[in-house]
Amino acid sequence: MFLRNQWYVAGWAHQFEPGAIVARKIVDEPLVLYRAEAGHVVAMEDRCCHRFAPLSRGRLEGDAIRCMYHGMKFASDGRCVEIPAQDVIPEGMRVRVHAVVEKDRWVWVWMGDPARADPDLIPHALYHDDPNWLIGTGQMGYDANYQLIHDNLLDLTHLSFVHENTLGRGSPAWGTARPSVTPIDRGVRVSRWLRDRGTSPYVRMPQQKWDAWASYDFVLPGVFLLRTAFYSTATASGFPDGPPGDLEPAYVIVTSQAVTPVSERETIYYYSGGQLRRHGSSALIRDQIRAFGVAFLEDKAMIEAQQKIIDATPDRSMMTLTFDRATAMFRRLMATLIEQEAKNRARIGRVDLAAAQ
Amino acid sequence: MFLRNQWYVAGWAHQFEPGAIVARKIVDEPLVLYRAEAGHVVAMEDRCCHRFAPLSRGRLEGDAIRCMYHGMKFASDGRCVEIPAQDVIPEGMRVRVHAVVEKDRWVWVWMGDPARADPDLIPHALYHDDPNWLIGTGQMGYDANYQLIHDNLLDLTHLSFVHENTLGRGSPAWGTARPSVTPIDRGVRVSRWLRDRGTSPYVRMPQQKWDAWASYDFVLPGVFLLRTAFYSTATASGFPDGPPGDLEPAYVIVTSQAVTPVSERETIYYYSGGQLRRHGSSALIRDQIRAFGVAFLEDKAMIEAQQKIIDATPDRSMMTLTFDRATAMFRRLMATLIEQEAKNRARIGRVDLAAAQ
Amino acid sequence: MFLRNQWYVAGWAHQFEPGAIVARKIVDEPLVLYRAEAGHVVAMEDRCCHRFAPLSRGRLEGDAIRCMYHGMKFASDGRCVEIPAQDVIPEGMRVRVHAVVEKDRWVWVWMGDPARADPDLIPHALYHDDPNWLIGTGQMGYDANYQLIHDNLLDLTHLSFVHENTLGRGSPAWGTARPSVTPIDRGVRVSRWLRDRGTSPYVRMPQQKWDAWASYDFVLPGVFLLRTAFYSTATASGFPDGPPGDLEPAYVIVTSQAVTPVSERETIYYYSGGQLRRHGSSALIRDQIRAFGVAFLEDKAMIEAQQKIIDATPDRSMMTLTFDRATAMFRRLMATLIEQEAKNRARIGRVDLAAAQ
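Taken in order, these protein sequences are the chains called A, B and C.
Just so you know, we're using my numbering here: the first sequence kicks off at 6 and counts up by one.
Just so you know, we're using my numbering here: the second sequence kicks off at 6 and counts up by one.
Just so you know, we're using my numbering here: the third sequence kicks off at 6 and counts up by one.
Keep in mind the hints are simulated off the structure, nothing from the lab.
Just so we're clear, the structure is a prediction, and the values are computed from it rather than from any experiment.
Check the hints yourself; a few may be wrong.
No distinction is drawn between identical chains; accordingly, a pair holds when it is met within one copy or between any pair of copies.
To be verified - Straight line, CA to CA, 27 Å or less: simulated DSSO-like cross-link-like pairs of lysine-lysine:
(1) LYS78 - LYS313
(2) LYS348 - LYS214
(3) LYS305 - LYS78
(4) LYS305 - LYS348
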């Protein structure tokens with residue numbers, strides 16, 4: 006089950022070079038994407054409406070794409086504009102196109118009812134385009150359902166166990182400090198002090214120990230936005246509910262991560278890591294992204310193993326503990342919206358069709 | 006869904022060497038084939054009736070084959086003739102045998118009701134055994150349903166797109182000239198002039214441009230028989246409906262291709278290419294077969310991608326255009342016969358059993 | 006379908022080294038096994054009850070195992086004894102543990118109702134721990150249902166066919182001598198004389214020809230215990246029903262083999278081979294185990310091919326001949342017990358739960 010009326014990240018903007026034809030699958034729908042000559046990205050279903058050949062094996066001709074099975078040519082609005090050796094083009098001969106927005110270096114595709122594709126729903130990735138920040142990027146595929154990856158991100162206790170020798174090494178507090186969890190618009194906010202947190206190998210910081218305020222929003226459809234600000238030790242005691250806004254941190258690291266469902270058992274994960282330009286350096290950012298890659302392989306191994314057990318024992322149900330407050334809150338939000346969409350499916354279907362003609 | 010009351014190509018005659026045990030699967034039935042001492046090919050189900058071990062892992066003993074799991078021995082008529090250490094052989098202890106005809110270098114196996122196995126239904130491959138012709142042979146496996154390969158062969162427009170740099174290179178007319186399509190006995194005939202057709206790298210022809218009359222029959226269960234005759238340019242204008250029978254072409258190339266369903270998602274494809282001995286040479290024939298192999302890999306990539314999309318979106322249906330007349334005609338023929346066979350299944354089943362005992 | 010109220014071999018004792026965490030699947034249930042500090046083996050379900058992460062990716066802490074996803078810690082009785090940053094541990098927070106017995110170098114796990122786990126039901130492997138014997142060990146995985154491997158072991162006729170060039174080479178009598186088959190407690194006994202049996206490459210025997218008395222028990226849940234005793238030729242004529250107990254054989258070889266179902270289509274097979282210390286040598290035992298490994302690959306190829314045919318034609322049924330008496334007898338025993346367990350499932354389920362809390 007997927008949410009369709011959502012913007013999903015289809016990739017990093019730099020992955021869509023002019024002239025390139027990019028095949029993707031999002032919420033089980035095959036897409037073909039390419040840059041139109043004006044520079045914007047076009048996304049359409051990757052299935053010629055004639056005999057279902059993939060358009061991603063086709064040829065770009067200006068802003069149009071030609072199916073290279075029998076030569077049908079489609080304009081960037083999805084209409085068939087040429088059938089070889091045939092003058093009349095049937096009315097309904099078109100492929101579905103999806104709204105695309107490029108924002109914060111991410112290419113976002115709307116997978117639902119076109120009439121509801123509101124760009125204001127797109128979350129803001131942290132400083133991807135801010136000249137004061139250095140940002141590195143990466144991606145990873147998982148053979149697991151996307152909600153297991155949500156769960157993973159909504160409970161960072163796992164840093165002390167899955168990542169005990171990597172990301173979690175310097176800060177055992179991940180495993181012991183209970184965060185505050187609050188509902189926000191379209192998601193959950195999870196915040197905590199990590200007292201006496203050590204530094205990471207990818208930062209250059211004067212002291213060895215800090216009080217770090219780690220706070221992230223996890224918002225629909227599966228976007229994780231974490232900011233970790235380092236203060237001198239004892240700050241946490243002074244401000245147990247978080248640092249006041251005017252208190253300048255000694256160092257800040259951020260990461261934005263987007264979980265995109267490919268199919269029920271495949272997910273792709275786009276992530277950035279960043280530091281203030283005045284704190285970091287390109288080399289440190291490379292180290293940060295490399296450290297994320299290593300740690301996410303640890304997640305991948307754990308989550309894919311978890312998925313296999315779930316599939317093997319579909320009749321068992323997981324336990325939800327106090328511990329799992331954020332996870333449970335977001336799972337409920339997802340379940341509610343999935344149910345709503347299922348109810349509206351028939352109506353949306355009709356709207357869709359109308360919009361498409 | 007398959008047609009069973011059909012002759013299917015099980016391979017090239019030269020693949021059945023004396024003493025060889027050949028395992029095949031046709032319309033989802035495992036077969037074991039071998040040459041009897043008298044030279045004819047025997048085909049039986051590849052499944053010992055005792056514990057279902059494959060006879061193709063067995064041992065030929067004269068005209069009989071012995072299962073090498075527990076030693077049951079079967080005569081070439083399918084009867085069990087020996088059970089180790091047991092005197093009595095139960096009445097019904099036999100495996101099913103299939104009628105086999107070797108014709109035009111192809112080994113044809115009847116997969117349906119034995120009572121209806123009429124060799125006159127076998128189509129004539131083009132000049133496979135004619136001393137005036139040089140013929141080369143090949144084969145290729147596809148991970149796709151056989152009807153997608155029928156579709157491919159019934160619409161040669163694709164030569165200008167799938168094979169734009171190979172088979173279709175010299176003759177853009179494939180993509181533009183609408184063929185005449187006529188129903189024939191057990192199939193469809195598709196004919197067209199390819200005006201100003203260039204030559205192919207595997208022919209030796211005096212001029213660069215020709216009018217070529219390309220006409221093929223596509224007949225049950227999936228046999229493609231194409232003859233392309235080259236005439237001087239302007240011939241097409243003089244004879245728009247095809248060259249008169251007494252007009253000698255400058256060059257003729259032929260190809261025969263048989264599509265054999267292995268399972269719902271696997272197909273094997275046996276093909277020949279040929280030229281008149283007085284036109285061609287062994288080297289040219291080798292070039293022709295090599296060119297076919299390269300082109301069919303292009304088909305295979307496209308068709309297997311198409312199959313994946315079809316499987317991913319089973320609820321969508323393809324469009325049928327004017328364009329698709331031959332495809333649609335043969336699809337209807339297949340659907341009608343498949344439905345008929347489904348209706349007769351019970352009765353055929355009974356006949357079968359009676360015939361087998 | 007599996008029997009659950011049985012002891013299954015989970016491996017060789019030497020595979021469970023102190024500190025090692027061993028993952029296994031038996032009758033489709035994932036297990037994690039390790040040695041407690043007192044030396045006994047602990048077996049629990051390999052699925053943390055929190056979010057279903059595999060405990061086999063966890064960390065041993067004394068006799069407890071900690072899930073390395075979110076840090077839950079389980080004692081060796083299955084109770085959760087620690088939740089990071091949470092004081093209260095919910096009542097039902099536990100994983101299932103299985104009774105384990107180490108006997109005859111095999112680690113046996115009870116997969117059913119704990120109340121019925123009677124160690125007296127465990128069969129005696131042949132001389133695994135007897136200082137008068139030299140014993141070698143091996144294992145092999147099959148992609149096939151465990152009952153096909155039972156069938157294989159219950160009908161040694163196949164030695165003359167599957168193993169005609171290996172195990173069966175010296176003794177064509179396997180294919181011709183009908184054994185006596187008698188029901189025994191929890192299984193079947195199959196005995197026969199192999200007259201004029203040759204020697205094997207892995208024994209050192211003074212003569213080339215012998216009368217060998219080959220007798221094995223095949224008992225629940227799938228344990229094969231074969232003793233082959235060699236006597237001078239003509240002994241069989243004197244004692245057609247088997248050698249008298251006081252007749253000393255010239256040489257004895259034994260093998261114990263345990264068939265453990267992993268899933269419906271995967272099985273693991275643990276086997277030993279042995280000779281009296283005064284007859285054999287370590288080198289001969291290594292040869293014997295190597296010969297078994299080669300022969301079992303022959304079985305594996307045949308049985309996996311057989312499994313594929315069975316899966317492809319689920320509507321056909323095998324024939325049962327006089328020949329198959331032992332096979333049929335054990336199949337009936339299995340079917341009866343599987344049916345009984347299915348009937349008792351609800352009740353056992355309840356007992357289980359009660360026992361587990």
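- Item | Within, between, both or neither, where LYS305 and LYS348 count as close if Cα-Cα is 27 Å or less | Neither, since 33 Å and 41 Å both go past 27 Å.
- Within, between, both or neither, where LYS78 and LYS313 count as close if Cα-Cα is 27 Å or less: Intra 43 Å, inter 21 Å, cutoff 27 Å: inter-copy only.
- Task: Can you give me the call for LYS305 and LYS78, within, between, both or neither, at a CA distance of at most 27 Å?
- Result: Close across copies (22 Å), not inside one copy (40 Å); limit 27 Å.
- Between copies, within a copy, both or neither: which fits LYS348 and LYS214 at Cα up to 27 Å? Neither, since 52 Å and 63 Å both go past 27 Å.
In terms of the numbered hints stated before, the structure departs from hints 2, 4, listed from lowest to highest.
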